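Chains as they are written, first to last, in my numbering: chain A, 332 to 401; chain B, 9 to 203.
Just so you know, these hints were derived from the structure itself, not from any lab. Keep in mind that the hints are not guaranteed to be accurate.
Capping the alpha-carbon separation at 25 angstroms, the derived lysine-lysine pairs in DSS-like fashion look like this [as the list claims (entries may be wrong)]:
no., chain 1, residue 1, chain 2, residue 2
1, B, 52, B, 95
2, B, 131, A, 363
3, A, 380, B, 134
4, A, 379, B, 95
5, A, 379, B, 134
6, B, 131, A, 379
7, B, 17, A, 363
8, B, 88, B, 52
9, B, 134, B, 17
Predicted, not measured: the structure shown is a model, and the values here were computed from it.
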Amino acid sequence: MEVLKINGIEKQFPAGQLPSTVAELLEQLDIKPATVVAEIDGQIIERKKFAETKLRNGQSIELVRFVGGG
Amino acid sequence: MTSIDENLKQAVVGIAGLGGVGSTVAVALCRAGVGHLVIADFDKVESSNLSRQQYFTDQVGRNKVDATIENLQRINPGMKVEGHRGKLNAHNVPEIFVGADVIAECFDTAQAKQMIVETVLTKMDKPIVVSVSGLAGYGNSNAIQSRRISDRLILVGDGVSSTESGQVLMAARVGIAACHQANAIVEVIVDEIQA
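Please construct the entire structure, taking both the sequences and the accompanying hints into account.
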């Protein structure tokens with residue numbers, strides 16, 4: 332089992348099935364990249380780097396999602 | 009003057025977007041005694057805005073920045089207000105809000121909110137950003153919360169009630185979120201920023 336902590340909640344993945352990048356994780360969660368700010372272990376990941384930013388077992392990810400209205 | 013008043017007077021707050029949220033935050037911070045606002049919007053006041061935004065019938069057609077400055081000066085002529093009449097983007101945000109202690113994200117679309125929060129957190133060193141997500145509709149007042157996401161990010165709203173899902177924006181619930189935001193800004197200025 333591998334694990335990512337997403338917004339404080341541990342999400343488990345069978346060995347070898349951890350999403351490989353931030354972009355892949357967002358796709359699995361059905362979140363549009365243009366509406367989320369992502370932070371991995373306290374560091375902000377720019378949206379343009381979602382596809383190249385690799386994920387590793389045990390990381391803590393904060394996904395701040397935005398919806399319209401202001 | 010108390011130290012709270014002095015901190016507020018010395019503070020510089022940026023407001024990105026002057027719709028229902030931004031125009032209300034501007035008024036609340038002006039009345040609270042914040043000394044310096046930097047406000048930005050590209051839009052003009054429309055009659056439909058009057059359902060929830062802090063403008064008046066005789067201001068329809070005017071630039072929102074100019075109308076907001078006029079209103080704030082009627083409340084407190086001593087407050088410094090700097091206006092930017094144009095669209096904000098990832099390139100001009102750091103220039104326009106240079107020197108700000110706190111930035112209020114008051115845009116309408118999810119994409120614009122994402123843009124400014126990411127820009128402030130990655131391209132600027134100092135400001136704390138207070139953003140709003142989820143304030144459409146009516147009722148359910150207590151679902152709107154303020155949460156500290158990280159050292160430099162505070163998120164206000166219920167996270168789900170949106171214009172994309174067809175909910176309308178109404179003065180009361182927009183106002184709750186805007187005053188959460190203004191209150192979080194006052195708290196940050198008083199408790200975390202040294203005058």
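Check whether the Cα positions of residue 380 of chain A and residue 134 of chain B lie no farther apart than 25 angstroms.
holds, 23 angstroms
Pairwise hint evaluation, residue 363 of chain A against residue 17 of chain B, where the allowed Cα distance is 25 angstroms at most:
With Cα atoms ~40 angstroms apart, residue 17 of chain B and residue 363 of chain A exceed 25 angstroms; violated.
Can you confirm whether the C-alpha distance between residue 131 of chain B and residue 363 of chain A stays at or below 25 angstroms?
holds, 22 angstroms
Taking only the CA atoms, is the gap from residue 88 of chain B to residue 52 of chain B under or equal to 25 angstroms?
holds, 22 angstroms
Would the pair residue 379 of chain A and residue 95 of chain B pass a check requiring their Cα atoms to be no farther apart than 25 angstroms?
holds, 21 angstroms
Residue 134 of chain B paired with residue 17 of chain B [C-alpha distance capped at 25 angstroms]:
holds, 18 angstroms
Does the structure keep residue 131 of chain B and residue 379 of chain A at a Cα separation of 25 angstroms or less?
holds, 14 angstroms
Is residue 52 of chain B within 25 angstroms of residue 95 of chain B, Cα to Cα?
holds, 12 angstroms
Given the hint that residue 379 of chain A pairs with residue 134 of chain B, test it: the Cα-Cα distance must not exceed 25 angstroms.
The hint holds at about 23 angstroms.
Hint compliance for this structure: hint 7 is the single one not met.
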